[in-house]
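**Q** This is what each chain is made of:
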Amino acid sequence: MRAEVVVIGGGITGVATAYFLAERGFKKVVVFERSYLGSGSTFKCAGGIRASFTSREHIVLMKRSIELWGELSRRLGIRYARSGYLWLARREEDLERLKRYSSIHNQFGVNTRFIEPDRVEEVAPALDTSKPVGALYDPLAGNASPLDAVHKLYLASREMGVEYRFEEVRRILVEGCAVRGVASDSGVAEAESVVVAAGVWSRRLLEPLGVSLPVEPEPHHAALTEEYGRLFDPLIIDLESGAYAVQTFHGHVLMGVEIPEQPSWEPGERLAFLSKVVRVWSKWLPWLPSANILRTWVGHYEVTPDHHPVLGPVGSLEGLFIATGFSGHGFMMGPVVGEELASWIASGAPRTEEAAHLTLRRFEEGKLIKELAVIG
Amino acid sequence: MASLRSLICFCEGVTTEDVDRALEEGFRDLESLKRRLRVGMGPCQGRYCTPMLISYLSRKLGVPPERLAPPKVRPPLEPVPARLFLGAEHEG
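Going line by line, the protein sequences match chains R and E. Heads up: the first sequence begins at 1 in my numbering, then just goes up one per residue. Heads up: the second sequence begins at 1 in my numbering, then just goes up one per residue.
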């Protein structure tokens with residue numbers, strides 16, 4: 001059987017791409033996943049969704065992604081809430097940074113604004129606001145359940161005829177200057193187009209083709225408390241440390257913060273992370289020391305030199321497409337990336353001009369993009 | 001609502017009927033079933049439900065239980081008050 005499109009990777013990027021391809025009428029789309037759906041980076045992430053970035057590319061694409069999150073949530077019943085982001089500053093220098101970010105957001109039509117302590121109390125009753133606070137609120141932001149999102153996109157795309165194979169792609173096959181398909185342990189799957197959406201592991205699939213992907217596997221940790229009633233609605237960020245915390249739909253408080261780490265393919269859990277994340281969040285959430293930690297885990301940010309993804313076709317090989325390098329923002333961008341790739345594959349061009357700035361070529365041409373607001 | 005007798009996961013209230021439905025949806029390994037149904041994601045961390053799920057799946061799929069890999073264990077093994085980590089700065 002010759003597929004129209006093979007997608008490598010069953011994370012948010014892979015299932016969203018398959019979904020939008022099927023929606024465009026593609027009949028033979030095959031997704032390969034070597035482990036379980038979401039097993040790479042998607043199910044390790046916090047589920048935050050925002051357009052409050054500082055680059056035109058991120059903001060424009062994320063605004064579209066947020067529209068799509070709303071639509072997908074209505075259509076497929078994905079658990080998604082536009083419950084905001086709250087950026088917190090206690091130091092003068094952090095407040096200055098927030099003011100700079102906010103003016104960029106506003107310039108691109110993302111209406112972040114500073115809110116007063118009484119309003120902070122309304123959206124985040126469990127937050128300590130007794131000390132002076134600068135709080136920047138992003139009402140357009142929100143979060144979705146990574147588990148629910150991937151599973152429902154999988155079920156809906158399967159319903160539309162997408163085939164899922166739970167085996168590992170060993171090689172991408174090339175003939176002349178075009179892709180021919182992929183090889184897995186069960187044989188060869190011929191395809192007109194191949195989408196590499198294998199997260200940080202995409203690098204290893206592309207290397208044998210002479211395609212060098214500037215993506216580093218950066219370990220990032222997260223921890224989760226037991227379930228509680230409503231504590232705070234928005235995802236909260238401590239600007240000083242870059243730590244985030246979000247209360248999941250189930251009631252758990254999910255927290256992350258950066259600790260010094262070297263790039264690693266197989267990182268392990270770290271006590272130093274738990275220590276730091278509890279210390280940072282105890283400043284804002286004074287009850288946290290008495291809360292129980294239920295789980296901790298580690299995943300990857302697939303980091304590029306400019307913290308923007310690598311999207312779209314690879315000039316040198318016809319039919320080969322890449323979607324990785326999201327640098328910590330792959331889940332939130334999932335829907336728009338799926339839509340852009342489906343457009344690229346169907347019509348040869350992305351739907352949004354800004355997506356074309358994000359191809360692999362920018363590294364050869366030295367056209368890197370700037371982003372200031374990377375957290376967690 | 002399912003009857004009490006069919007409960008597999010006490011913490012999250014998952015029944016054998018829920019498992020059957022997930023199997024039909026194509027979720028056939030324990031890592032996937034955990035994330036589709038939340039089996040083993042409650043405070044017991046799978047201590048009680050995972051063995052029952054393995055036993056049920058083994059009969060249902062006709063696979064010996066030792067071939068059904070339990071989900072990866074996430075530390076800590078049981079819920080631990082967050083304050084205990086405050087002093088753990090330099091231990092890795």
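Mixed in with the good hints, there may be bad ones.
[Unchecked claim] Quick list of in silico lysine to aspartate or glutamate cross-link-like pairs, EDC-like style, CA-CA up to 16 angstroms:
#1 K44(R) - E31(E)
#2 K63(R) - E354(R)
#3 K44(R) - E266(R)
#4 K370(R) - D306(R)
#5 K28(R) - E159(R)
#6 K99(R) - D118(R)
#7 K60(E) - E17(E)
#8 K28(R) - E192(R)
#9 K152(R) - E24(E)
#10 K60(E) - E24(E)
#11 K99(R) - E192(R)
#12 K60(E) - E25(E)
#13 K152(R) - E25(E)
#14 K72(E) - D233(R)
#15 K72(E) - E269(R)
[To be verified] To list a few chain R residues with every Cβ distance to chain E over 12 angstroms, as calculated:
#16 E121
#17 V123
#18 V133
#19 L140
#20 D148
#21 A223
#22 G242
#23 E269
#24 L288
#25 H357
#26 E364
[To be verified] Not the full set, but computed from the structure, chain R residues with beta-carbon under 8 angstroms of chain E:
#27 L147
#28 Y164
#29 L274
Since the hints were made in silico from the structure, they are not lab data. All figures in this text were calculated on a predicted structure; none of them were measured in a lab. Virtual Cβ for every residue (Gly too), placed ideally from N, Cα, C.
**Q** Each of the hints needs a verdict: does it hold here or not?
**A** Hints versus structure:
Distance check on the hinted pair: K44(R) and E31(E) sit about 13 angstroms apart at the alpha-carbon level, within 16 angstroms; holds. Note on K63(R) and E354(R): the hinted pairing holds, with a Cα-Cα distance of about 12 angstroms set against a maximum of 16 angstroms. Between K44(R) and E266(R) the CA atoms are separated by roughly 14 angstroms; this keeps the pair inside 16 angstroms, and the hint holds. For the given pair, K370(R) sits about 6 angstroms from D306(R) by alpha-carbon distance, which is consistent with the 16 angstroms threshold.
Only pairs whose Cα atoms come within 16 angstroms are accepted, and K28(R) paired with E159(R) is accepted, the gap being roughly 13 angstroms. At roughly 20 angstroms between alpha-carbon atoms, K99(R) and D118(R) are farther apart than 16 angstroms, so this suggested pair is violated. Restraint check: the Cα-Cα separation between K60(E) and E17(E) comes to about 12 angstroms, which is no more than 16 angstroms; the hinted pair holds. With a C-alpha separation of about 10 angstroms, the suggested pair K28(R) and E192(R) falls inside the 16 angstroms cut-off, and the hint holds.
For a cut-off of 16 angstroms, the pair hint linking K152(R) to E24(E) stands: about 14 angstroms separates their Cα positions. With a CA separation close to 12 angstroms, the supplied pair K60(E) and E24(E) stays within the 16 angstroms bound. For the hint pairing K99(R) with E192(R), the CA-to-CA distance comes to about 48 angstroms; that exceeds 16 angstroms, so the pair is violated. Straight-line distance between C-alpha atoms of K60(E) and E25(E) comes to about 15 angstroms, which keeps the hinted pair within the 16 angstroms bound.
The straight-line distance between the Cα atoms of K152(R) and E25(E) is roughly 10 angstroms, inside the 16 angstroms bound, and the hint therefore holds. A threshold of 16 angstroms between alpha carbons decides the hint, and for K72(E) with D233(R) the separation of about 30 angstroms lies outside it, so the pair is violated. Taken as a hint, the K72(E) and E269(R) pair is honoured in the structure, with Cα atoms around 13 angstroms apart against an allowance of 16 angstroms. For E121(R), the condition that its CB be more than 12 angstroms from all CB atoms of chain E holds, with the nearest at approximately 23 angstroms.
Separation of V123(R) from chain E is adequate, the least Cβ-Cβ distance of about 23 angstroms exceeding the 12 angstroms criterion. Interface exclusion of V133(R) from chain E stands, the closest Cβ pair being 22 angstroms apart, more than 12 angstroms. With 12 angstroms as the threshold on Cβ separation, the claim that L140(R) sits away from chain E holds: the shortest Cβ distance comes to roughly 28 angstroms. Consistency note on D148(R): stated as away from chain E, yet its beta-carbon is not over 12 angstroms from all of that chain's, at 9 angstroms minimum.
A223(R), annotated as away from the interface, has a beta carbon of chain E within 12 angstroms; the closest lies near 9 angstroms. A cut-off of 12 angstroms between C-beta atoms confirms that G242(R) is not in contact with chain E; the least separation is 18 angstroms. Distance to chain E contradicts E269(R) as a non-interface residue, since its nearest Cβ pair spans about 6 angstroms, not more than 12 angstroms. The beta carbon of L288(R) sits about 5 angstroms from the closest Cβ of chain E, which is not more than 12 angstroms, so the claim that it is off the interface is violated.
With 12 angstroms as the threshold on Cβ separation, the claim that H357(R) sits away from chain E holds: the shortest Cβ distance comes to roughly 35 angstroms. Residue-level check passed: E364(R) sits 39 angstroms from the nearest beta carbon of chain E, beyond 12 angstroms. Proximity of L147(R) to chain E holds as hinted, the smallest CB-CB distance being about 5 angstroms (cut-off 8 angstroms). Taking 8 angstroms as the C-beta cut-off, the interface hint given for Y164(R) holds, the closest approach to chain E being about 7 angstroms.
Using the Cβ-Cβ criterion of 8 angstroms, the hint placing L274(R) at the interface with chain E is satisfied: the shortest such distance is roughly 4 angstroms.
Checked against the numbered hints above, the structure violates hints 6, 11, 14, 20, 21, 23 and 24; every other hint is satisfied.
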